[in-house]
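Asks: Could you put together the complete structure from these sequences and hints?
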Amino acid sequence: MAMTVHVDIVSAEGHLYSGQGEMIYAPAVMGEIGIAPRHAPLVTQLKPGEVRVDPGSGKPHEHFYVSGGMIEVQPFKVTVLADTGVRAADLDEAAASEAKRRAEDALANSAADMDLAKAQVELAEAVAQLRAIERLRKGS
Amino acid sequence: MAGAKEIRTKIASVKSTQKITSAMEMVAASKMRKAQDRMQATRPYAERMRQVIGHVALANPEYRHPFMHARPVKRIGYIIVSSDRGLCGGLNSNLFRTLVREIRVLRDAGTEIEFCTIGQKALGFFRRVGGKVMAQATHLGDAPHIDDLVGTVKVMLDAYMAGTIDEIRIAYNQFVNTMTQKPTVERLVPLSEGDDADQLKHHWDYIYEPDAKEVLDGLLTRYIESLVYQSVVENGACEQSARMVAMKSATDNAGSLIDELQLIYNKARQAAITQEISEIVGGAAAVS
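Chains as they are written, first to last, in our numbering: chain A, 185 to 324; chain B, 544 to 831.
To be clear, the hints were calculated from the coordinates, so they are not data collected in a lab.
Backbone N, C-alpha and C define an ideal beta-carbon position, used for all residues, glycine too.
The reader is advised that the hints may include incorrect statements.
[Unchecked claim] Mimicking SDA-like on lysine to any residue, the simulated pairs with C-alpha atoms at most 20 Å apart in a straight line are: (1) A:Lys261 x B:Pro587; (2) B:Lys675 x A:Glu282; (3) B:Lys617 x B:Gly684.
[Claimed, not checked] Footprint (simulated), chain B over chain A, 3 or more residues, beta carbon under 8 Å: (4) 202-216; (5) 223-229; (6) 280-288.
[As the list claims (entries may be wrong)] Label pairs and their in silico Cβ distance ranges: (7) A:Met187 x B:Leu630: 55 to 65 Å; (8) A:Glu234 x B:Gly706: 39 to 49 Å; (9) A:Lys302 x B:Ala566: 28 to 38 Å.
Replies: In structure tokens, the structure reads:
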């Protein structure tokens, strides 16, 4: 039997694939790479593209689309950490300024200084209400 | 029988409320199961990520990323994970209370605080009580996507890199079981020194493309994002289970309220009948 390597493909939102492979193809930033068992240890970033796993023994290839991420290669273990969305420095930057803008919009008329006393009063009220409900329930 | 009609209307209205709360309870129960599955699904990514970072950090002891390096804390940034909707018992209030208690101590010690909110409830809270909110994300829905959090997390990480804040903490509800949710505040950045260093016997000599620094930067950013994402998903599971419990007790309460009202209604009706009979009897006696 041909030599195989253990492959894990995971994304932040879930587990995509786990199994043995004779060959793995991945779209690395410096160009597509093919990884055979006993590949030298490698860590690299991925660009959007397709990750293919050849499970060997004539079985059909497994295809996965990744929109970027990381791949870690050890001689007998390959881990693909896939991104779920397209990532780029300027896109991230846009998302960050968007998040900032939303906060500014939403809190346009509120004080920049947190009023701790007010917060505690408000929370004490909420808790008191919950306790009252609790008591009512036990009493009935 | 003026009272009886009013009571009947009241009973009808409580009944329809009960229908709504019991429907919400069932919806929350099914959403909770899905949220719990989602919670399980996010674990492998963070675990693998931690392993890879551990390997890479071990192989490159000379490069210390700022995320791994603690410095004196003068300003703290909080990422607060809350739910978008209410009707989930004391879930958000308990979290905010834990937070306010911690902030009070910190503020007395002279530490400055900044916030970053996730979810409508946290935003509403800071809108009322004030506080410096740097970024926010709301309406993540039942199945949040990590892409929706990237911007919010980046604002915090950028502030950390720029030295505006010296520590990032995250506040969320930890899912213990269906009945219990634990408000938790944890340190996110700087990353705590992993105790898994001993387990890493293998010392890989990696090839890095394009280079070690860039790879490690990318890894750490993603790792922190995935931790925040995990907290959001976990908080989501907490929200659904808290809502389920709250709606269950609301349904029960409506049930006992209906019983009580029914009793009052029956009494009122009986009183009316008795009065009518005595009137008739009285009238008949007067005639004869």
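Asks: Confirm or reject each hint.
Replies: Consistency of the hints with the structure:
1. Restraint check for A:Lys261 and B:Pro587: the C-alpha separation of about 15 Å stays at or below 20 Å, so the hint holds.
2. Taking the CA atoms of B:Lys675 and A:Glu282, the gap is near 17 Å; set against the 20 Å cutoff, the hint holds.
3. For the hint pairing B:Lys617 with B:Gly684, the CA-to-CA distance comes to about 35 Å; that exceeds 20 Å, so the pair is violated.
4. With a threshold of 8 Å between beta carbons, the proposed coverage of the region 202-216 of chain A by chain B holds, since 3 of its residues qualify and at least three are required.
5. Counting residues of the region 223-229 of chain A whose CB falls under 8 Å from any CB of chain B gives 6; the rule of at least 3 is met.
6. For a cut-off of 8 Å, the count of residues in the region 280-288 of chain A with a CB near a CB of chain B stands at 7, and the three-residue condition holds.
7. Roughly 57 Å separates the CB atoms of A:Met187 and B:Leu630, a value that falls within the hinted 55 to 65 Å.
8. Between A:Glu234 and B:Gly706 the Cβ separation comes to about 41 Å, which falls inside the hinted range of 39 to 49 Å.
9. Our hint of 28 to 38 Å for A:Lys302 and B:Ala566 holds, since their Cβ atoms are close to 36 Å apart.
Comparing the model with each earlier hint shows a violation of hint 3 alone; every other hint is respected.
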